[in-house]
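Asker: Just so you know, the numbering used here puts 130 at position 119 of the sequence shown, and the rest follows in order with no gaps.
Hints may contain errors.
Calculated lysine to aspartate or glutamate pairs in the DMTMM-like style (CA-CA distance at most 25 Å, straight line) [claimed, not checked]:
1. 322 / 222
2. 164 / 19
3. 322 / 187
4. 197 / 187
5. 200 / 133
6. 249 / 303
Because the hints were derived from the structure by calculation, they are not lab data.
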Amino acid sequence: MELESTRDGYGEGLLKLGRENKRVVVLTADLGESTRSHWFQKEFPERFFQMGIAEADMIGTAAGLALSGKIAFVSDFGVFVTGRVWDQLRVSIAYNNANVKIGSTHCGITVGADGATHQAIEDIALMRVLPNFTVIVPADAIEATKATIAASKINGPVYIRLGRASLPIITKETAEFAIGKAELLKEGKDLTVIACGIMVHQSLEAANVLEKKGIFARVINLHTIKPIDREIIINAAKETGAIITAEEHQVMGGMGSAVAEVVMENCPVPMKRIGILDSFGQSGKPEELMREYHLTADDIVKEAQNILKRK
């Protein structure tokens with residue numbers, strides 16, 4: 012199976028946008044190579060801004076460029092571009108509805124050996140609460156490229172959550188990508204697994220294992236956390252009667268919480284949220300950390316069997 016990181020897909024998206032639209036500018040805080048924004052820098056140096064390790068200044072500059080008519084893409088690590096500059100995101104970008112796109116890389120525990128201080132596992136919660144922000148979590152590199160291009164075409168701030176680890180390519184180049192419209196990847200009648208990012212592949216693997224056991228799980232790729240696709244979630248609740256969410260993020264305030272809000276208000280059914288349980292990450296290999304924090308296909312299979320008993 013072909014492997015590629017979503018940060019690579021983001022870098023490819025920036026290149027395509029740079030060639031198509033001269034209004035696109037890119038900023039980074041001394042992390043061009045790590046965020047793949049240096050690909051844009053090599054081809055369009057006059058539209059690339061290396062801000063140094065000055066993240067708050069970078070956000071303010073991006074807001075100014077956007078309010079001057081540019082489409083500004085900020086490229087930085089997730090822990091820095093959400094936690095360190097949340098005030099600037101809130102006041103300079105969200106409050107002004109500035110046309111700034113945040114390419115947030117190295118999110119989740121699969122950053123690996125860098126450890127807890129560099130593993131952004133609270134960022135979805137931080138960003139989805141900000142008014143005017145769109146929040147996208149691509150499932151693979153192909154989808155990351157599409158998300159980057161789609162983000163440029165809507166007016167207003169967008170947060171794109173990206174990873175460092177190489178992931179299997181599970182979506183197709185020909186598949187339609189629409190912000191706010193989730194993708195049904197697998198039909199199923201017994202329960203639904205709703206996932207984002209790296210957990211989409213894990214969910215598909217789990218669904219294949221469950222099918223061999225006579226359990227048919229629907230799998231939904233919820234690549235847009237905000238605005239959320241209420242219709243597909245409500246239909247899943249009505250038609251399958253049980254929902255599991257899976258994300259490489261804290262269970263509190265993340266994608267699972269967003270889904271639970273929709274389910275609770277419209278069609279309450281048994282739910283289980285799979286994610287990190289109120290703890291920090293730690294240093295380790297990505298695959299080791301996925302097992303340690305119970306974010307594998309096997310963990311989804313186990314919870315699927317448990318939730319069926321609650322239907």
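Asker: Give a verdict on every hint.
Answerer: Each hint tested on the structure:
1. 322 / 222: Holds, at about 18 Å.
2. 164 / 19: Holds, at about 20 Å.
3. 322 / 187: Outside the cut-off at roughly 33 Å; violated.
4. 197 / 187: Satisfied, since the Cα-Cα distance of roughly 16 Å is no more than 25 Å.
5. 200 / 133: Given pair residue 200, residue 133 is violated - Cα atoms ~32 Å apart, limit 25 Å.
6. 249 / 303: Violated, at roughly 33 Å.
Violated hints, listed in ascending order, are 3, 5 and 6; each of the other numbered hints is respected by the structure.
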